[in-house]
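> Given chain A, put chain Y in place with the hints provided.
Taken in order, these protein sequences are the chains called A and Y.
So the first sequence is numbered by the numbering used here: it starts at 6 and just counts up by one.
So the second sequence is numbered by the numbering used here: it starts at 19 and just counts up by one.
The hints are simulated quantities; they were obtained by calculation from the structure and are not laboratory data.
All values reported here derive from a predicted model rather than from experimental measurement.
One or more of the hints may lead you astray.
As the list claims (entries may be wrong) - Lysine-lysine pairs mimicking DSSO-like chemistry, simulated, CA-CA at most 27 Å apart:
# : chain 1 : residue 1 : chain 2 : residue 2
1 : Y       : K143      : A       : K283
2 : Y       : K54       : A       : K83
3 : A       : K324      : A       : K70
4 : A       : K83       : Y       : K143
5 : Y       : K143      : A       : K182
6 : A       : K266      : Y       : K143
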Amino acid sequence: MKKITALLLALVMMLGCAAAFAEDPIELDVIICEYGNNTRDWFLGSGMNGSNFVDLFTAANPDVKLNLQVVSWSDVHKEVSTRISNGNPPDILNIDTFSEFQADGLLLPVTDYCPEDLYQDFFPAFMEESVVDGTVWAVPDLASARALYYNKKIFDEVGIEVPATWAELKDVCQAIKDFYAGDVYGIGLDLTEDEGQVTFAYFAWGNNGGFVDADGNWALNSDANVEAVECIMDLINSGYANPSPSTQTRYELQDLFGAGKLAMVFAPNQLPQYLAEKGFDIEFATADIPHNEGATGSSVGVMDRVMAFRDDAAPDQAKRNEAIGKFLKFFYDPANYVGWVSMETFLPAVNSAVGALVEADPSFEAWLNVLGNCRFYPAAKSEWADVRNGIVVDVEQRALTGEEVRPLLDALQTKIAGN
Amino acid sequence: MNQILVRHKWEPYLWLLPSLLLMGIFVVYPIGIVFKLSFSEISRSGMVGGFNGLSNYITAVTAPEFGSVMLNTLIWVVSVVGISTLLGFIVALVLNAEFRGRKIARSIVVFPWAATLVVQASMWKYIINIEYGALNNTLLNTGILSRAVNWRPSYIIDFAWECGIGIFVTVPFVTFCVLAGLQSIDLSYYEAATVDGAGFWKKLRHLTLPLVRPSLTVSTVLNIIYVFNSFPIIYTITRGAPAHKTDTLVTYLYMLAFSEQRKGPATALSVVGFVILCICAGAYMIITMRKEDAE
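Pulled out of the complex, with its shape left as it was, chain Y reads as follows:
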């Protein structure tokens, strides 16, 4: 008996060891390196010099484009996560209802999720291209338009397209998280509510929403992290041009590090991003968990 207990003490750690090792080598160690680099002088050629205090952070934060990049990041995360959560929730409700062809509809929703982001972003770039884009071609050939339209007349519209594409590719993830939550709800709750005379909106507010909240929490926290870190859409469509006006923090620090060869400020910004994400995700989880406990 005693022996079994002793064995059980270290056994779980043994089974966890491979993944802990992998995480240590590929996640924790690189994060440590980035923290160290962010306080080091890095020359343009890539030579790592000595400790230089906060100067990388100061250079990064006082750059004239820093404010607009942070604002863009905020708009990007809030709009993509917010709108795709709303749309994903609606789509999940629709797909949860009984109708013919539901299976096909569900698989169609997966498509944008199944293709890699670079492929999707390149496709959209092609679709909205003015000279030979699919959108213009279709509208011209069907006679809806008589002249090609420039769908990307300014960087503000460019950024709006990027947010739109971000929403388009994020909706399926939310849909499936919520759908999983919806399917686990016992139908008898709804029957009871119907007997008590509750309408659609009342059932939605007092039954569905509280019961899928755990799924929504998971999808929102994960989405905040994914969307904040999302790189391919913006990099493929505008590369942050013109003058970093369409950059978010992640694309901006990539351009700083690898296009402008200023790795010091870039590593400082990646530490800033890491901290912001930890705070956002942590705060969101604490708030929702408290609410759940209170209920």
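For reference, chain A alone in the conformation it holds in the complex:
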């Protein structure tokens, strides 16, 4: 009896293998970042009109099998680098940075796999952000733009106007501090390793400074940047900001803003949805990010990317590239992509989605205009990750402990650019 069972089992296994060989679908390991509560449901659950991305994709492309994984933002870098260390990188990756992978020769140029019509559909300004040595190495999957949100009730009670410049910002914060005797903070500042670099960008770009100069070379210790960091420290030391900027992340600040304990916060265009989902009920409005007197303000954009890794062991490179192209084509198909972008209220990266998005929600248009003027991190430079950490830990957080700003920025510039 046992023998018969064993024989039967062996037969079933052989048949199974034979069936697998007969179809021979291309397998793609895909890692997607978890943008919000709906991401997993959309890709793997029932968030796409009762079905999900993987099922619908497989139905439309039976020759491609997706092993799709949704990973939280706090784990994704760890997950990817562990896989790379073990010689098993994903085929398709959705993440924020790309230059560290490009520098190690792990990525495929976008033109190798991206269909021409889709390539032309991406906003050209976005594509430029992923160029190294004249080659595009990643495509944008979505973007968000930052603005200053303020609590209307607090502004009415105190009787103040929305600040446009740093000087006005300080005056407004002083008025709020006087009025509420410290119970309400003026402005929320995140100097944690999560987003300390964005806070730097708000102030540096708002003072005609920034990470790089006009030629694209690192210019971290410019006078404008020194002033910007000093302005951030001044806001904190004057008691205008949240009390622990080095441990309070933007999400904590958004919660304080929702609870009416924070008058102003810098946040992405998803803030209204965030507050609604958390059950906060406050009246708020948006304004431009304040800039220094005499400088031009600019919006801050954050963009994420999709990239494809090389797999030199793949038997048929052309077929693999084609499969990756099919994935992109399906993802950016307006029928799917519009739902994806609007689900987490992000801003699109392709032209073909704009019409449908504006039609569904006219307020999108204003954000699209903001996006047009946005500046992005210099993520294509290979030192970017070091700059990002350096700005937060070695400049902002050290300044917070009382160190002088200029030597800190000088030291970082020397470390990064050697001058």
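Positioned in the frame of chain A, the structure of chain Y alone reads:
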């Protein structure tokens, strides 16, 4: 007879084999990998390159924050292990005395030990939060305070809170180790000492302390290892911010590896930590064992 002896020769190893295998796969092998990685070049993306000598170690040790991180580690281990051993010993003495409700008191002491560290650290973070923390709310509602107090005004205070929480969660372990030792002491020793006219302090010094020393040795050695390696409290409350001023070696190397993506120096530091722990624990055990032998 001979056969039985032969069988007994290999039998113990057979029974040990499963745990030896597990330890080999999950403890020894990963340690070996870390040693190897610490001498390899690791790129930011995670690619492991070739042998690069001591350069990971040099980068790690010459980083400007290395000194303060090591000092923090020393303060963290000495204060948490030292103070919790002292407090745990006192609590154990109290719980060893006869009183009504002793069973309840003993179970209450276990509570901080039973909850996971992440949960406890998150709870404390909530308790001392200035805006909606339980501590401020309680003091404001009972009228003891009229204004909310910022319980975390600087990173030095933050680190002190972290040490305090470390002590709070470590005391139960010491208490129960010492209590087990106390309960094994024959009461007749104390009766004899009382007859000889010894007071409380004399009995404590010449009877209790020598007799619970083995338990104290175990709890201290284990605590040095646990506390040195403890990660959740600091990671949950400050993540080492600002500028690694509240990091200990373990949280620092985690941030290096996974936040700053500098795995080379991080693996070098984990080897350094491993060696330090081996030396500390080994030295402590040798010293105490020698003393015990001498006595």
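> Please go over all the hints and tell whether each is borne out by the structure.
Hint check:
1. Y/K143 to A/K283: 21 Å, holds
2. Y/K54 to A/K83: 20 Å, holds
3. A/K324 to A/K70: The given pair, whose Cα atoms are some 13 Å apart, holds under the 27 Å limit.
4. A/K83 to Y/K143: 25 Å, holds
5. Y/K143 to A/K182: Holds: Y/K143 and A/K182 sit about 25 Å apart, inside 27 Å.
6. A/K266 to Y/K143: OK: A/K266 and Y/K143 at ~18 Å, within 27 Å.
When held up to the earlier numbered hints, the structure conflicts with none and fits them all.
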